[in-house]
Structure formats: structure tokens, C-alpha cells
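My request is simple: use the sequences and hints to build the entire structure.
Residue numbers (this note's numbering), protein chains in the order written: chain A, 1 to 334; chain B, 1 to 334.
Careful: at least some of the hints might be erroneous.
If several chains are the same, the list does not tell them apart, and a pair holds so long as it fits within one copy or across any two.
As the list claims (entries may be wrong) - For lysine-lysine, the following BS3-like pairs were computed, each having C-alpha atoms within a straight-line distance of at most 27 Å:
#1 K75 - K168
#2 K269 - K20
#3 K108 - K33
#4 K108 - K168
#5 K257 - K331
#6 K269 - K327
#7 K269 - K3
#8 K172 - K20
#9 K167 - K3
#10 K327 - K20
#11 K75 - K269
#12 K183 - K269
#13 K20 - K75
#14 K108 - K183
#15 K75 - K249
#16 K331 - K168
#17 K163 - K257
#18 K168 - K327
#19 K331 - K20
Source of the hints: derived by calculation from the structure; they are not laboratory data.
Okay, here's what each chain looks like letter by letter:
Protein chains: 2
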Amino acid sequence: MTKQYQLTGLGNAIVDVIAKADDAFLAAHAITKGAMNLIDLERARLLYDAIGPATEVSGGSAGNTMAGFASFGGKGAYLGKVADDQLGRIFAHDMQAGGVHFATPPLKDGPETARCMIVVTPDAQRSMNTYLGACVEFGEADVDEALIADSAIIYLEGYLFDKDTAKKAYRKATRAAHAAGNKVSLTLSDSFCVERHRADFLDLIANETDVLFANEAEILALYQTTNFNDAIASIRGRCDIAVVTRSEKGSVIVTEKETFEIGIQPVDKVVDTTGAGDQYAAGFLFGLASGYDYAQCGALGALAAAEVISHVGPRPEVSLATLAQQKLGLKVAA
Amino acid sequence: MTKQYQLTGLGNAIVDVIAKADDAFLAAHAITKGAMNLIDLERARLLYDAIGPATEVSGGSAGNTMAGFASFGGKGAYLGKVADDQLGRIFAHDMQAGGVHFATPPLKDGPETARCMIVVTPDAQRSMNTYLGACVEFGEADVDEALIADSAIIYLEGYLFDKDTAKKAYRKATRAAHAAGNKVSLTLSDSFCVERHRADFLDLIANETDVLFANEAEILALYQTTNFNDAIASIRGRCDIAVVTRSEKGSVIVTEKETFEIGIQPVDKVVDTTGAGDQYAAGFLFGLASGYDYAQCGALGALAAAEVISHVGPRPEVSLATLAQQKLGLKVAA
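Next comes the structure, spelled out in C-alpha cells:
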């Protein structure tokens with residue numbers, strides 16, 4: 001039986017506030033470079049006063065992935081919590097306008113829609129400062145079990161583990177997915193997030209995850225090692241597929257018995273690395289949902305990552321379906 | 001006596017909502033291409049439901065000009081009305097973070113902050129759909145006469161003429177400027193805006209304008225002619241300086257006795273023409289305020305316009321002060 005959705009993402013529904021600054025700005029404001037720094041409302045205000053003119057775009061890791069997935073022509077849905085405010089309406093518009101089903105009711109009378117101040121330095125690295133706001137309220141009641149049962153794969157972002165209510169929602173979602181015979185994929189999100197939730201992640205990977213996404217720093221953090229091969233050996237067989245991205249070194253797909261090394265898709269100039277991992281996951285999962293082999297899934301991931309790092313912002317600016325046809329010769333449904 | 005501000009802009013305080021679409025979208029939604037289309041709340045909602053994923057950036061014609069002026073290193077201020085909401089706070093942040101003084105109190109308990117849905121077509125043309133919202137409430141009480149007296153030049157956008165309250169505010173501002181011995185500059189903004197307010201503009205130019213900005217379509221509309229030379233002959237001597245921009249044909253500076261033709265600054269690729277006129281005015285006025293000759297003022301205008309059309313969005317993404325030094329060899333205060 002064909003499911004209504006190929007992929008449903010669950011994540012922190014966030015609007016990005018993107019500004020350029022130099023490394024001295026990061027140092028002056030004690031922002032950990034390349035990481036996702038959680039901040040409270042007071043610090044959010046302080047940092048916003050300090051950063052330069054900004055651009056607002058819908059973001060959120062799994063939200064970005066779903067936008068990319070839809071851009072490939074995939075049928076997707078999204079679960080996440082915004083507030084009933086202007087930024088929340090922007091987030092909802094951008095999801096729906098991109099072709100992603102998004103119907104989680106907005107939060108009323110609580111904190112504002114979450115925002116992430118992303119500082120992009122001249123080396124194209126992004127350093128994130130997230131005020132979770134309304135995200136905190138994403139909970140079990142927001143997990144639409146019928147929708148999850150009707151989605152061939154669900155995709156969870158590790159960031160949601162920063163709040164207990166969301167953690168419970170995760171468990172409910174993974175149970176609902178597996179009960180319906182569907183697959184569960186997870187991204188570790190951030191090496192500091194891994195540090196905060198290592199035991200939870202190890203448990204989730206061993207017991208509830210079919211497809212794992214991680215970058216090099218995250219997989220090393222997970223296994224508390226500095227040796228990449230050791231980390232790969234540790235993850236092998238823990239879930240059906242582990243996909244580890246390594247920036248300019250490409251990516252590695254690890255199954256119990258096989259390893260695939262995937263090259264990068266070259267870009268003229270790396271402008272802003274925001275969304276690289278999210279878009280890689282979008283391409284890979286689109287390939288998986290469409291029945292492509294692992295090497296092709298990896299190539300689709302690399303393609304989507306290359307597109308997003310060539311411009312400012314975390315979501316594709318062109319049709320990834322068209323790009324897949326032009327660059328990889330893959331005919332995908334647009 | 002040196003004034004505290006070199007330039008104060010008055011205009012519609014607007015957040016831009018930028019999306020890409022093709023010409024068929026414009027046709028299907030009866031959007032006049034290349035123009036500023038005024039829309040009501042109902043149509044704003046309808047169009048927002050129809051457009052694809054968007055990017056939000058602070059805009060507004062005079063707001064863009066002030067952002068560019070500050071990017072050159074100019075000391076500027078801005079008067080305009082936002083609501084006390086998230087988009088209003090974004091607009092205020094972006095002005096202040098760019099170094100522009102902005103202290104007009106936000107509107108409470110009225111319509112939301114104005115927004116302009118800008119549809120960018122593959123030919124890089126922008127078609128604007130503006131819901132004025134809180135802008136409507138910009139009035140005489142918002143005209144800070146002390147600030148205007150302390151500003152060597154004021155800059156008014158023609159768009160404000162669409163509302164009577166704002167029109168009164170204009171008159172108050174021009175009177176305050178001239179009473180303090182300061183200069184008044186005006187942009188005609190849009191050829192359809194000229195059609196709506198021709199008599200008012202002709203009066204304002206003859207009696208209260210020192211420096212006029214217009215593009216080719218606007219100056220032709222003003223004098224109801226299709227002959228560019230006739231239009232130039234008509235404007236000559238009506239104000240101290242008339243500056244007419246002609247897209248890829250460059251610009252013409254017209255004084256009572258002289259005419260200067262200014263070439264364009266070449267760009268690799270025109271991506272989005274939004275803000276081209278606003279940034280030209282920023283460069284020209286920065287030159288004027290800094291004591292450069294007219295040819296240099298025009299070159300600074302062309303430089304700022306070239307920067308802004310090479311990317312999405314109406315405000316500079318790099319320091320125009322640095323660009324002026326690199327491309328024109330002009331050492332400006334950064």
C-alpha cells in the first residue's frame with residue numbers, strides 16, 4: 001500500500017535571522033564557532049542588538065530538510081511548533097508554499113516563534129544562536145499518529161532532545177512509525193548536542209533508528225574518540241544505515257556489511273554553510289524514498305548540499321528536481 | 001555650523017517579502033510588471049497564499065537609501081512608521097544596526113507593519129505589491145522638526161503621497177528643512193505614483209525641491225511625453241539638480257546650465273533590480289553631502305546601484321565605503 005507521505009520531519013520550527021560578522025564578533029560575544037548555541041530571551045535580545053542588518057528566512061534543521069525534500073519532488077509533511085505571530089505565519093507559509101504539509105496548531109499565549117541568529121563569518125562558517133521560544137511547547141499532543149503511520153519514513157532532529165516534552169514526543173513518534181512498519185531516521189544535529197544527550201542518542205540509535213545522519217564531529221563526539229575509523233567501526237551495524245558527512249571530504253555510507261564513499265559536488269564558491277547537513281539529508285532521503293541505490297542517494301545528498309552552500313540561507317533557491325536531472329541525469333518527479 | 005546629520009530620509013517603513021516567480025504568475029494575479037502595486041489586506045493575504053517560499057528583509061524606498069547612505073559612511077536618520085510587532089522590530093533593528101538613527105515611535109493597536117511582496121522574475125525585474133498597513137499612520141506628529149533642522153539634506157519618497165496624512169507630513173518636513181537653510185530632495189518613486197499625483201509633484205518640484213530623482217519612465221510620465229529630450233528640457237531649471245536614471249543607459253544629471261551623462265558600473269549578472277534607484281540616490285546624495293562634484297556623485301550612485309542589482313534584496317551586502325575606495329579610488333569615511 002502506498003503511503004500518503006514519503007517523509008515526515010519533526011523538529012524545532014525556527015525562523016533564521018542571518019547576519020554577516022567577523023571572528024572578532026564571535027569572540028566578543030562568546031559564541032562557539034560552527035556550533036548551535038542555545039540562548040535565553042535576554043541573550044537573544046542582547047545579541048540582536050549587537051548584530052548588523054539581517055535577513056529573515058524560515059529555517060530549523062528538519063524544516064530545511066523537508067523544504068529540500070519537496071524541492072526534489074518528494075511528498076513530505078512536517079511537525080513542529082510555532083507561535084501564533086508574524087514569524088510563525090512566515091514559517092508556516094514557507095513550508096506550505098514549498099509543498100510540505102504542515103498543520104501543527106500554533107501556540108497561543110506563550111513565548112514567540114523560535115528564532116536562530118546565524119552569524120556567517122568570511123570563511124562561510126555559520127555559528128548559530130537559538131532562542132527556542134514556542135518550540136519548547138512541542139509535545140506528545142502534537143504528534144499526529146495517523147500522519148506518521150501514513151509516512152514511509154520519519155525524520156527526527158537531535159536538537160529536539162534539548163527539551164523533555166519534545167523528547168517524549170520523539171518516543172511517541174518512533175513508536176507510531178515502527179508500529180505502522182515505517183522507517184525512523186535521525187540526525188545527531190550538533191556535536192555539543194551529542195555531548196548533552198549522548199546516552200539518549202546511543203539508546204535511540206540502538207533501539208529505534210533505522211537511518212542515522214551525523215557529521216564527522218558528531219560521530220566522534222558520540223563515541224568519544226578522535227579516530228574517524230574507530231567511530232565508523234563503532235556505528236557499523238548499530239542501525240541499518242549510518243551516513244556520515246565530512247564537509248569537503250565527502251560522505252561515507254555505512255551498512256552492516258558495506259561502505260560507500262561519496263564525493264562532493266563541486267561549487268564555485270562556498271558562501272554560507274548553513275543547511276549543508278540538512279540538505280544532504282534531504283537528498284539522501286529523497287533517494288531512499290524513491291528506491292535509488294545508496295551511491296545515488298549519496299550523490300543526491302551531495303548535490304543538494306552543494307546548492308545550499310553556494311548562497312546565503314538554509315533552503316534551496318532552485319528546483320532540486322531540475323538540478324538532479326541536469327547534474328546527475330536522474331529523472332525525478334518534479 | 002556642522003549639522004548632526006548629513007541626510008534624513010522620510011518614507012514608508014516596509015518589510016520586503018521576496019519570492020521568485022515567472023511571468024505567468026504575474027499574469028495570473030494581474031500584477032503590473034515592474035511597478036509598485038498598492039494592495040489591501042485581503043489581496044495581501046491572497047497573494048501571500050499564492051507566492052512560493054520567501055525571504056524577509058527590511059525595505060522601503062527611503063529606508064533602503066538610508067541604509068546605503070550609512071554603508072558609505074554617511075551620518076543619516078530616518079523617519080517612518082512601523083507597528084509594534086515582530087516585523088516592526090526587524091525594520092527598526094536593521095535601520096539602527098546599519099548605523100541610521102531611527103526613533104519614530106511604533107504604532108500601537110493599529111494595522112500591522114507594512115509589507116511589500118516583491119516578485120522577482122527570471123529577467124531580474126521586480127514587481128512590487130505593497131500593503132501599507134501601519135505606514136498609513138505616519139503623520140505630522142511624526143515629523144521631528146528639530147531633527148530635520150539638524151540635517152543638511154532631507155530625502156522624501158513619492159510613495160508617501162499615496163496617503164493624505166503623509167502628504168501633510170511632507171509639507172511640514174519641507175518647511176522645517178528650508179526654514180533651517182537645509183536642502184530638500186525628492187524621488188518620484190514610480191511612474192504609476194506619478195500618474196496618481198502629477199499635479200502635487202509638479203507643485204512640489206517647482207516650489208520645494210532642490211534635488212529631484214526620477215527614472216526615465218517617471219520623468220516621461222511627469223511631463224506626459226514619450227520623448228526623453230523633451231522631458232529633460234521640461235525639468236531643466238525647475239529645481240537645482242534633477243537626476244534621471246536610465247537603467248543600463250546610465251544616468252543624466254541636469255542643472256540649469258549643465259548636463260552630465262554618467263555611465264553604469266558593469267556587473268557580472270543582474271540578479272534582482274530591487275533597490276537600484278534607491279541605492280543610486282544613496283550614492284549620489286552621499287557624494288553631494290560629502291562635497292564631491294556632480295560626476296563623482298553620479299559615479300557613486302552608479303556604484304551603489306550596481307552592487308544592489310547583483311544580489312537578491314534592496315540593501316547593500318558589502319560596505320559601500322570599501323567599494324567606493326576599491327572601484328573609484330574615492331577615500332570616504334567608513
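Against the structure, the hints:
1. K75 - K168: within (26 Å within a copy, 53 Å between copies)
2. K269 - K20: The answer is both: 16 Å in one copy and 22 Å across copies each meet 27 Å.
3. K108 - K33: Answer is neither: 34 Å inside a copy and 39 Å across each miss the 27 Å cutoff.
4. K108 - K168: within (21 Å within a copy, 40 Å between copies)
5. K257 - K331: neither (29 Å within a copy, 64 Å between copies)
6. K269 - K327: The answer is both: 17 Å in one copy and 22 Å across copies each meet 27 Å.
7. K269 - K3: neither (39 Å within a copy, 44 Å between copies)
8. K172 - K20: neither (39 Å within a copy, 38 Å between copies)
9. K167 - K3: within (26 Å within a copy, 58 Å between copies)
10. K327 - K20: Cα proximity of K327 and K20: across copies only (22 Å, versus 30 Å in one copy).
11. K75 - K269: So K75 and K269 fail the 27 Å test inside a copy (31 Å) and across (34 Å) alike.
12. K183 - K269: neither (36 Å within a copy, 44 Å between copies)
13. K20 - K75: between (34 Å within a copy, 22 Å between copies)
14. K108 - K183: neither (33 Å within a copy, 49 Å between copies)
15. K75 - K249: neither (30 Å within a copy, 47 Å between copies)
16. K331 - K168: Neither way: K331 and K168 sit 39 Å apart in one copy and 60 Å across, limit 27 Å.
17. K163 - K257: neither (35 Å within a copy, 71 Å between copies)
18. K168 - K327: Cα proximity of K168 and K327: none, with 41 Å in one copy and 57 Å across.
19. K331 - K20: Cα proximity of K331 and K20: across copies only (24 Å, versus 37 Å in one copy).
Checked against the numbered hints listed earlier, the structure breaks hints 3, 5, 7, 8, 11, 12, 14, 15, 16, 17, 18; every other hint is satisfied.
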